[in-house]
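Residue-level listing of the chains:
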Amino acid sequence: MSNTLKERGNGGSRFALSFSSLSYKAQRRVIIILFSILPLALLATFSYLPLYRMVYYSFFSWNGFSKNLNFVGLENYMTIFTRPEYFSVFKVSLYYFFATFIQMGLALYFATILTFKIRGKNFFKGVLFFPFLLNGVAIGFIFMYFFRPDGTLDALLHVFGLSEFIQLWLGNPDLINISLAGTSVWRYMGFNFIIFLGVISSIPRDIYEAADIDGANRWHQFRYIIVPSIRRIIELNVILSISGAIAVFEIPYIMTGGANGSKTFVIQTVDTAFKFGKFGLGSAMAVVLLIIVIIVTLLQNKLFKEKGA
Amino acid sequence: MEKAKSIFFAVLKYGSLLLGSFAALMPLVVVLFTSMKSRDEMANTSALTPPENWLNFDNYTKAFVDGKMLVGFMNTTFILTISIVGAILLGTMIAYILSRFDFRGKNIIMALFLFAVLIPGVTTQVATFQIINELDLFNTRGAAILLFMGTDIISIYIFIQFINQISNQLDESAMLDGASYITIFTRIIMPLLKPAIATVFIVKGVNIYNDFYIPFLYMPKEGLQVVSTALFKFKGPYGTQWEIISAGIMIVILPTLVVFLSLQKYIYNGFTQGAVK
Chain A
1 MSNTLKERGN
11 GGSRFALSFS
21 SLSYKAQRRV
31 IIILFSILPL
41 ALLATFSYLP
51 LYRMVYYSFF
61 SWNGFSKNLN
71 FVGLENYMTI
81 FTRPEYFSVF
91 KVSLYYFFAT
101 FIQMGLALYF
111 ATILTFKIRG
121 KNFFKGVLFF
131 PFLLNGVAIG
141 FIFMYFFRPD
151 GTLDALLHVF
161 GLSEFIQLWL
171 GNPDLINISL
181 AGTSVWRYMG
191 FNFIIFLGVI
201 SSIPRDIYEA
211 ADIDGANRWH
221 QFRYIIVPSI
231 RRIIELNVIL
241 SISGAIAVFE
251 IPYIMTGGAN
261 GSKTFVIQTV
271 DTAFKFGKFG
281 LGSAMAVVLL
291 IIVIIVTLLQ
301 NKLFKEKGA
Chain B
1 MEKAKSIFFA
11 VLKYGSLLLG
21 SFAALMPLVV
31 VLFTSMKSRD
41 EMANTSALTP
51 PENWLNFDNY
61 TKAFVDGKML
71 VGFMNTTFIL
81 TISIVGAILL
91 GTMIAYILSR
101 FDFRGKNIIM
111 ALFLFAVLIP
121 GVTTQVATFQ
131 IINELDLFNT
141 RGAAILLFMG
151 TDIISIYIFI
161 QFINQISNQL
171 DESAMLDGAS
181 YITIFTRIIM
191 PLLKPAIATV
201 FIVKGVNIYN
211 DFYIPFLYMP
221 KEGLQVVSTA
231 LFKFKGPYGT
241 QWEIISAGIM
251 IVILPTLVVF
261 LSLQKYIYNG
271 FTQGAVK
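Residue numbers (the numbering used here), protein chains in the order written: chain A, 1 to 309; chain B, 1 to 277.
FYI, nobody ran anything at the bench for these hints, they're computed from the structure. Ideal Cβ placement from N, Cα and C applies to all residues, glycine included. It cannot be assumed that every hint is accurate.
As the list claims (entries may be wrong) - Listing some non-contacts, in silico: residues in chain A with all C-beta distances to chain B over 10 Å:
hint, residue
1, Tyr24
2, Asn63
3, Met285
To be verified - Dumping the calculated DSS-like pairs for lysine-lysine here, alpha-carbon to alpha-carbon at most 27 Å:
hint, chain 1, residue 1, chain 2, residue 2
4, A, Lys117, B, Lys13
5, A, Lys121, B, Lys13
6, B, Lys235, A, Lys263
7, B, Lys194, B, Lys106
8, A, Lys117, B, Lys265
9, B, Lys68, B, Lys235
10, B, Lys265, B, Lys194
11, A, Lys117, B, Lys3
12, A, Lys263, B, Lys233
13, B, Lys5, A, Lys121
14, B, Lys221, A, Lys275
15, B, Lys106, A, Lys25
16, B, Lys233, A, Lys275
17, A, Lys275, B, Lys235
18, A, Lys121, B, Lys3
19, A, Lys67, B, Lys221
To be verified - Coverage of chain B stretches by chain A, computed from C-beta distances (three or more under 8 Å per stretch; other residues unrestricted):
hint, region
20, 29–39
21, 230–239
Isolated chain A, as found in the complex (with noise of 0.2 Å):
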């Protein structure tokens, strides 16, 4: 048994031959820095040294390719903070930040009545997750098409007879922010809903059987015991949402590259970077954006040792 478990294990290799002849203490110590030197290595590499290199560069004021760095101390974080068309896109982040409430309302809404028994559930279940699942330019270019003129939604405005309202969804900058967020609350309330239903299925089966007997309606047993159970989960998410808002790209990049006052912040630095190649100034506003996600994380640590978790 131990023959043909370590002849096939080790696949005969010379390595292996010599190394199981060590004692388990020595290759105890050989194992510990063979398995961790490359996941190390490569967290290093794309991780950390990308950190150190960005805080590096945001004192500087560099293209991106020359050897020229010009030391500016802290003008670019200046710049950012003072000029208005570098910070004024955060209020972009609001609208997506407002509809993560949307997003999260609905997929506790749908996990609550799936946990109960219905007909369709795993249809119901399987459409209203799928889109969680779409190719960030598949998704972008589905939404261009239902917001253009004659798309989707104006065809479904014309067959309810509200061509009244037709709009320029992704042309009206009033109306660009919501119409993007609307597409990011299709894209992600697929996956607030499957953790959602995943947390409200552990809850035993019999808690809701007791209620019943004991007279709780619905509500009583929504508000009473599916909310309590996963108020952790809603707190973690709203969290997150914050930094999530701010860290929007992939649907604005795509569907509009940022034109009409659809710019957010991701897409601000890198164009900034990319674009027109202030990598310095690009550098100080990843930087920027790092500090609001790492207070935002802070914070919400703090929220939950608070509560006793």
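Given the structure of chain A, go ahead and fit chain B onto it with the hints provided.
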């Protein structure tokens, strides 16, 4: 009275579910319709009208051939396979030592992986771009493979949880037989990790198939386009030819639909496991 009330609620319940499904499916169905329409039909029919000929695949051929989608699928398959196999190997390896051994720096390693997820990926690309350049990986598949291969805290958590459930006695009895730690890892741990590997495979696979920005930024060369970037290119030349773009969209969605229908259960588990942690 009771009966009227329960009927009312049933209508409300099913009504809202149907409305929700309608909202989820409508944008997709219209794109399906559009993908089978001719130029003439496009000009003369409403977006909601079904195509005259349900077997009109002309737009599909055009999208697939002119959009060089085959190259995209080949590149995506190549990158996806290598980076997922790599990510799973690296992830199980580090999870194995983190869960089975106590050593100095263990908590630091966990903290490093945990903090890394906080860094918003898109923005650090400003600096990652320079590193990819210095490694001579710009415009190579290696760029995407290496960036996707790095394992993340969620995969590590999933693996650690599974390994913790594997009894230590299995390891010990193998050690009595003289098995090395590598043998234990490859012959005992790995086979028992299959469900966790399936979970990570699916979540990573969906993410890589759908990722747009990494290939867009690091592999702009035409021969290196992946599914996402191939589709994105439709925006230029076919700007107004929505029947062609729609066919392109459907071609990209179809594999997702097939995978979803055949692996539903694993997909639900995968995404809930990864997120509830």
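Is it true that the CA of Lys121 (chain A) sits at most 27 Å from the CA of Lys13 (chain B)? holds, 12 Å
Notebook entry, point to check: If you draw a straight line from the CA of Lys67 (chain A) to the CA of Lys221 (chain B), is it 27 Å or shorter?
Noted result: OK: Lys67 (chain A) and Lys221 (chain B) at ~25 Å, within 27 Å.
Q) When you check the alpha-carbon spacing of Lys263 (chain A) and Lys233 (chain B), does it fall within 27 Å? A) Distance of about 21 Å is within 27 Å: holds.
Minimum C-beta separation from Asn63 (chain A) to chain B exceeding 10 Å: can you confirm that? holds, 12 Å
- Message: Checking one constraint from the list: CA of Lys265 (chain B) to CA of Lys194 (chain B), max 27 Å. Satisfied?
- Response: holds, 15 Å
Original post:
For the pair supplied as a hint, Lys68 (chain B) and Lys235 (chain B), is the alpha-carbon distance within the 27 Å limit?
Top reply: Between Lys68 (chain B) and Lys235 (chain B) the Cα gap is close to 14 Å, so the pair holds against 27 Å.
Note to self: For a C-alpha distance cap of 27 Å, please report whether Lys194 (chain B) and Lys106 (chain B) respect it.
What the structure shows: holds, 25 Å
*Starting from Lys221 (chain B), check that the Cα of Lys275 (chain A) is at most 27 Å away, please.*
holds, 18 Å
Pairwise hint evaluation, Lys25 (chain A) against Lys106 (chain B), where the allowed Cα distance is 27 Å at most: holds, 17 Å
Between Lys233 (chain B) and Lys275 (chain A), is the straight-line Cα distance small enough, at 27 Å or below? Answer holds: Lys233 (chain B) to Lys275 (chain A) is near 18 Å, not above 27 Å.
#### Entry: Claimed coverage, the region 29–39 of chain B by chain A - three or more beta carbons nearer than 8 Å
Per the Cβ count (3), the hint holds.
ask   = Given the proposed pairing of Lys121 (chain A) with Lys3 (chain B), does the C-alpha separation stay at or below 27 Å?
value = Judged against 27 Å, a Cα distance of about 23 Å means the pair holds.
In summary, the structure is inconsistent with hints 1 and 3 from the numbered list given earlier, while agreeing with the others.
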